[in-house]
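Based on these hints, arrange chain B on the given structure of chain A.
Protein sequence lines, in the order shown, are assigned to chains A and B. Position one of the first sequence corresponds to residue 8 (this note's numbering), numbered consecutively onward. Position one of the second sequence corresponds to residue 8 (this note's numbering), numbered consecutively onward.
Treat each hint with caution, since some may be false.
What the hints assert, rightly or not - Listed next, the stretches of chain B that the computed footprint assigns to chain A, with coverage defined by at least 3 CB atoms under 8 Å from CB atoms of chain A:
1. 131–143
2. 264–275
3. 281–293
4. 309–319
5. 330–338
Keep in mind the hints are simulated off the structure, nothing from the lab. In this text, a Cβ means the ideal position worked out from N, Cα and C, and glycines have one as well.
Here's the letter readout for the chains.
Protein chains: 2
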Amino acid sequence: MIETPYLLFLGDAPDMLAAKVAIGIRDWRPDHAVGQICLPGCGADLGLTEMTLAEAKAAGARTLVIGVANRGGVISAAWKEVLIQALEMGYDLASGLHNLLRDEGDLVAAAQTHGGTLHDVRVPTVGYPIANGENRTGKRCLAVGTDCSVGKMYTALAMDAEMQKRGMKSTFRATGQTGILITGHGVPLDAVIADFMAGSVEYLTPDNDDDHWDLIEGQGSLFHISYSGVTMALVHGGQADALILCHEPTRSHMRGLLGYSVPSLEELRDVALPLAQRANADCKIVGISVNTQHLSEDEAVKYLAETEARMGLPAVDPYRHGAARLVDALAAI
Amino acid sequence: MIETPYLLFLGDAPDMLAAKVAIGIRDWRPDHAVGQICLPGCGADLGLTEMTLAEAKAAGARTLVIGVANRGGVISAAWKEVLIQALEMGYDLASGLHNLLRDEGDLVAAAQTHGGTLHDVRVPTVGYPIANGENRTGKRCLAVGTDCSVGKMYTALAMDAEMQKRGMKSTFRATGQTGILITGHGVPLDAVIADFMAGSVEYLTPDNDDDHWDLIEGQGSLFHISYSGVTMALVHGGQADALILCHEPTRSHMRGLLGYSVPSLEELRDVALPLAQRANADCKIVGISVNTQHLSEDEAVKYLAETEARMGLPAVDPYRHGAARLVDALAAI
Numbered sequence: 008m009i010e011t012p013y014l015l016f017l018g019d020a021p022d023m024l025a026a027k028v029a030i031g032i033r034d035w036r037p038d039h040a041v042g043q044i045c046l047p048g049c050g051a052d053l054g055l056t057e058m059t060l061a062e063a064k065a066a067g068a069r070t071l072v073i074g075v076a077n078r079g080g081v082i083s084a085a086w087k088e089v090l091i092q093a094l095e096m097g098y099d100l101a102s103g104l105h106n107l108l109r110d111e112g113d114l115v116a117a118a119q120t121h122g123g124t125l126h127d128v129r130v131p132t133v134g135y136p137i138a139n140g141e142n143r144t145g146k147r148c149l150a151v152g153t154d155c156s157v158g159k160m161y162t163a164l165a166m167d168a169e170m171q172k173r174g175m176k177s178t179f180r181a182t183g184q185t186g187i188l189i190t191g192h193g194v195p196l197d198a199v200i201a202d203f204m205a206g207s208v209e210y211l212t213p214d215n216d217d218d219h220w221d222l223i224e225g226q227g228s229l230f231h232i233s234y235s236g237v238t239m240a241l242v243h244g245g246q247a248d249a250l251i252l253c254h255e256p257t258r259s260h261m262r263g264l265l266g267y268s269v270p271s272l273e274e275l276r277d278v279a280l281p282l283a284q285r286a287n288a289d290c291k292i293v294g295i296s297v298n299t300q301h302l303s304e305d306e307a308v309k310y311l312a313e314t315e316a317r318m319g320l321p322a323v324d325p326y327r328h329g330a331a332r333l334v335d336a337l338a339a340i
Numbered sequence: 008m009i010e011t012p013y014l015l016f017l018g019d020a021p022d023m024l025a026a027k028v029a030i031g032i033r034d035w036r037p038d039h040a041v042g043q044i045c046l047p048g049c050g051a052d053l054g055l056t057e058m059t060l061a062e063a064k065a066a067g068a069r070t071l072v073i074g075v076a077n078r079g080g081v082i083s084a085a086w087k088e089v090l091i092q093a094l095e096m097g098y099d100l101a102s103g104l105h106n107l108l109r110d111e112g113d114l115v116a117a118a119q120t121h122g123g124t125l126h127d128v129r130v131p132t133v134g135y136p137i138a139n140g141e142n143r144t145g146k147r148c149l150a151v152g153t154d155c156s157v158g159k160m161y162t163a164l165a166m167d168a169e170m171q172k173r174g175m176k177s178t179f180r181a182t183g184q185t186g187i188l189i190t191g192h193g194v195p196l197d198a199v200i201a202d203f204m205a206g207s208v209e210y211l212t213p214d215n216d217d218d219h220w221d222l223i224e225g226q227g228s229l230f231h232i233s234y235s236g237v238t239m240a241l242v243h244g245g246q247a248d249a250l251i252l253c254h255e256p257t258r259s260h261m262r263g264l265l266g267y268s269v270p271s272l273e274e275l276r277d278v279a280l281p282l283a284q285r286a287n288a289d290c291k292i293v294g295i296s297v298n299t300q301h302l303s304e305d306e307a308v309k310y311l312a313e314t315e316a317r318m319g320l321p322a323v324d325p326y327r328h329g330a331a332r333l334v335d336a337l338a339a340i
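One chain only, chain A, in its complex shape (with noise of 0.2 Å):
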């Protein structure tokens, strides 16, 4: 668990693109970022409060939240005298470098001193067990996809936030480190070893009221060979009462893989839903949430109604159209 609200560190970022966790904390949590805090030479701006260590820390801001990727792959020293600050003024840090935070003899040297705590998200802190599939109470559901980032956070992110404005009760589920920290907690599946990730996976979704759902993010895909072992722990361990196929229309090949033909939503759901019911004999896949970012508005338009079509469930880009309908068809089961 991490402790909020955070200050968020946007460093020398080149370009927005570089500052894809603080974006995500901005748009998902406001109230936990109370400012942003740049080096000469940012190109990235959230439009947050710039703010110095000291104002932020009076505004209440527990932890400094590493909102950027590093270039080169090291921490450099203009970060480290800022991180350094940070913990000298009783901060924690978190990070979803590949670079640990804890392996920087300095910077570990400054926490112990001071008292503060390196998260490195990347790096599971918890001995998971081994699942058991029982079932448990709550209900869950999972967003699955024909590929690697075809949208799978964001329509977990999108429909936990309407369905917190109905007042339903949910709780978004962080499988991977960007979740991790816009949340504050969660597991980070890629990390774990093999024979613990359904574990994990139970472990991050317990027991419920009835009509609490979790919202679980995904990760990787059935059909791509590099990470669907992933997947798959997610749909067993998950036991999902509802899954979500996501797709990005324009893919010529699967993500890293330029000999591997991406699958259709059929495949998905003749493949998934099968599996998903090994471990949940009732789940059902509600709706259908497409990335439409390289389609025009009418092009988008023109595909969801398409789809909806052939496929007989609501579909919709959360992210252009609002996950309104999603939370409906969740509703309704």
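Below, chain B alone, put in the same frame as chain A:
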């Protein structure tokens, strides 16, 4: 790579059941074992020559392999005495125990002093790549099961032995601790980090001669909630040309999962083949391996004949009747 030949350490094994690893080595790689060494009170006997450390050393032994499960989750003082003596005499040690040799300070110290290596085969020592899904030369056969512990390792070892006997080119590829200790190398798949599972299987089964077969040891089951992600990584990383379906017909439920029924061979076929064809479009199911240990000879013969007729595939128990017909089926594709 564990140096052969071995001296097999049976310790104070209460019975033969506890000596599963040593039995596997004796049965499948008899040339790897110069003899056995017991402690007082040992209830296991492999029928190999009982040797002192010095006698085995003179006979060429390079590694003392712990061929037995330990009691109570500790490496006892009585064991330690022999293990440290072995290191002093220049042996390496190899173990698949949950307690790691490397966590025992006195063993680490003795290994350092005498230049020995401690092989804990439960723990990966390689930085595996992320799977790239590229086509590999050579042929690969994977055993997949309706459940865990239905005879997948035995099936692959028996097929490899039969192929060697026929002068065919084949290699058994171990993916679990027992298999790794039997052959001296492999990937401890259940201990690999999630993102690298499929890549570790690609690493284990690289390009090879066009007429060479890798017999890949299966793990878990696509239908076993706890471990299906591991199996999925094998199915996609293995890029199999041929699958063998493995089954134990008397199970009343999945191993360790009381509420879960065991799927039929038809269900396994219908789930496993399309998934495997994602990695290798030409993949075929070539045969069925049935573990008939709980059936009488008459029952077994009848069950196998009925299964063969129903599935349209050769169905054998390789333990009872040999793996020849499974190898015939492989050779025919």
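Against the structure, the hints:
no.: 1; hint: 131–143; result: holds (count 6)
no.: 2; hint: 264–275; result: holds (count 3)
no.: 3; hint: 281–293; result: holds (count 4)
no.: 4; hint: 309–319; result: violated (count 0)
no.: 5; hint: 330–338; result: violated (count 0)
Violation of the numbered hints given earlier is confined to hints 4, 5; the remaining hints are satisfied by the structure.
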